[in-house]
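Residue numbers (the working numbering), protein chains in the order written: chain G, 1 to 341; chain U, 1 to 290.
Be careful, since some hints might not be right.
[Claimed, not checked] Some but not every residue of chain U turned toward chain G, in silico, with C-beta under 8 Å: (1) Leu88; (2) Thr92; (3) Leu104.
[Said to hold, decoys possible] According to the in silico footprint, chain U covers these stretches of chain G (three or more CB under 8 Å from chain U): (4) 114 to 120; (5) 189 to 201; (6) 251 to 257.
[As the list claims (entries may be wrong)] With a Cα cut of at most 16 Å, we get these calculated EDC-like pairs of lysine to aspartate or glutamate: (7) Lys112/U <-> Asp154/U; (8) Lys252/G <-> Glu95/U; (9) Lys64/G <-> Glu90/G; (10) Lys252/G <-> Asp102/U; (11) Lys188/U <-> Glu178/U; (12) Lys188/U <-> Glu221/U.
Bear in mind the hints are in silico, worked out from the structure with no lab data behind them.
Please read these numbers as outputs of a predicted model, since none were measured by experiment.
C-beta: ideal position from N, C-alpha, C; glycine also.
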Amino acid sequence: MKISDRLISLFQTIGLTPLMPVVRLCVGEDPREQLAQLGRMIGLPLLGFGLFLVAWAVTAANVKTSIGTVPGPVQVWQQAVGLVREHQAERQREREFYARQIELKARYEKAFPGKVWQPRRYSGAPTYLDQIETSLETVFAGFVLASLIAVPVGILCGLSRNFYNAVNPFVQIFRPVSPLAWLPIVMIMVSALYTPKNPWLAKSFVSSAITVALCSLWPTLINTAIGVGAIDSDHINVARVLRLPWGVRLRKIVLPTALPYIFTGLRLSLGVGWMVLIAAEMLAQNPGLGKFVWDMFQNGSSQTLALIMVAVFTIGIIGFALDRLMLVLQQLVSYDRAAMR
Amino acid sequence: MAFLNINRVTKGFGQGGRRTCVLRDINLNIERGEFVAIVGFSGSGKTTLINLIAGLTRPDAGVIRLNDLDVSGPGPDRGVVFQNYALLPWLTVYENIALAADNLFPNWSREKRRQHVERHLALVNLAAARDKLPHQLSGGMRQRVSVARALAMDPQILLLDEPLSALDALTRATLQDEIERIWEADQKTVVMITNDVDEGLLLADRIIPMTPGPEATLGPEIAVTLPRPRNRKALNHDPEFKRLRAAVAGWLLDAAAAKRRATPHRTLVLPALVAAGLGQSATPREAVIS
């Protein structure tokens with residue numbers, strides 16, 4: 001296969017479809033058609049986004065709230081840049097602090113030989129990028145916990161009609177419950193049960209992660225059960241005629257049939273989990289994006305609205321990136337690419 | 001004692017008052033090394049019969065014995081070639097056949113199993129496609145993989161459930177010749193279900209028609225004494241072939257007509273229509289719908 005064909009197939013798998021006409025243009029294939037496609041894939045969205053920015057700028061300047069005018073795109077961008085600069089300044093201060101620590105340690109041990117300098121930790125507040133990192137860690141912790149519960153239970157539901165009938169009422173009742181309802185219960189339980197001497201994970205982290213898990217495990221569970229139940233009866237008959245042992249049946253028939261469904265469920269779960277996370281963080285005060293939004297709201301400064309809008313865009317872009325990541329994994333796992341979209 | 005003995009087998013589906021009897025009083029004896037074709041209409045219960053012989057379902061009444069042992073469940077001694085191929089779509093051609101070899105002969109060395117799979121790949125002329133996935137193959141190729149997998153089980157009897165129904169006529173002709181060639185190689189006992197009389201006459205030693213369902217039963221057995229190998233083009237002019245074809249097809253069509261006559265029908269009274277200006281008297285006529 002030519003390199004250009006490989007690249008095109010790669011971009012299709014990853015989901016970067018606008019790059020496909022670019023490759024074709026480089027190869028010299030029908031430039032007019034490729035430019036038209038590029039126009040459609042990149043030009044139109046850019047145009048739409050541009051119009052949105054203009055409309056936003058115009059309407060924002062005309063709306064006055066108790067904290068000032070609604071910020072337009074320019075102010076929001078300035079705030080975003082400000083947050084990044086703040087993060088960089090904070091990191092610089094941290095580096096200087098630790099450098100001073102080394103110097104102080106040397107002077108102390110020279111002045112008082114035999115005593116050991118107790119190192120101090122830098123106590124700066126978490127920056128915006130730190131908070132993004134915390135959010136991502138929390139959502140992954142919750143998502144992994146959810147998957148570890150949902151996939152085995154889903155497989156059991158799909159394999160055994162009796163198990164499914166027993167579990168189904170719980171699934172139907174607990175699925176629509178909002179994270180805001182779960183959170184108080186989770187926080188009380190975590191306070192009571194999670195009392196280690198040296199907690200490695202903060203209580204707010206544990207509460208948020210468990211809430212995310214509780215709300216996001218349902219799509220995976222349901223999709224896994226459907227996937228396992230969707231096994232072709234012909235394949236089962238092949239397994240019966242060959243008298244395949246239970247383990248081989250699971251590995252070679254049940255799991256490969258169910259895997260595309262499982263990954264669909266995982267993708268949906270991650271999407272739900274990311275949405276739930278912001279609400280959970282807000283209430284549990286986990287130092288992530290949710291807390292950032294809540295703090296800005298409580299702050300009530302003139303930059304509040306702009307900062308919250310930065311957070312909104314950040315949340316949206318990260319959610320999109322996470323979904324794309326799961327889509328790529330889903331594609332890789334599917335044996336018939338055309339069936340997955 | 002015959003190699004495969006089916007004695008007064010009856011099978012129905014459904015519960016209580018809605019129970020339909022699909023097969024009634026099936027009797028069949030097959031000797032080792034015979035190629036038997038069962039010809040019938042769609043929906044007459046042919047797949048049910050194959051499932052009964054394969055052990056995938058149990059009969060309501062009657063007994064099925066293979067090699068003097070009762071058939072009580074599915075097993076690799078009865079290899080099945082399904083109508084829809086039943087290949088695992090995530091395994092390559094080689095791996096699909098190896099599924100049979102690896103699980104049925106765990107005591108063999110890896111090399112011996114590999115050679116077993118390669119031999120069957122070559123038998124169906126698919127050595128070049130060994131690393132392809134089923135969705136990359138044509139229908140004819142998929143069916144050949146299915147046949148290779150069934151033969152790799154080393155079964156005592158091969159059951160073909162309308163193996164060529166899902167293919168177009170030209171591919172069907174090619175594969176019929178392939179099946180004959182493969183069968184000549186080691187003369188396994190074969191029971192083939194088909195809806196094509198010509199296919200049965202081309203491939204089988206004996207052809208048995210089946211009445212249309214429900215409550216289908218087997219008709220008179222007709223021995224196919226045409227010499228092998230059977231040349232499709234030459235057979236078109238062979239008087240014995242034409243006679244056999246007429247006999248089997250005739251019996252099937254008569255059976256279908258008898259079934260239609262026997263089923264209850266409704267009587268509708270047609271309105272009395274008279275063409276204006278022709279002066280005919282208007283009398284209501286009756287029409288019988290079956």
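Sort out which numbered hints this structure fails and list those numbers smallest first. 2, 4, 5, 9, 12
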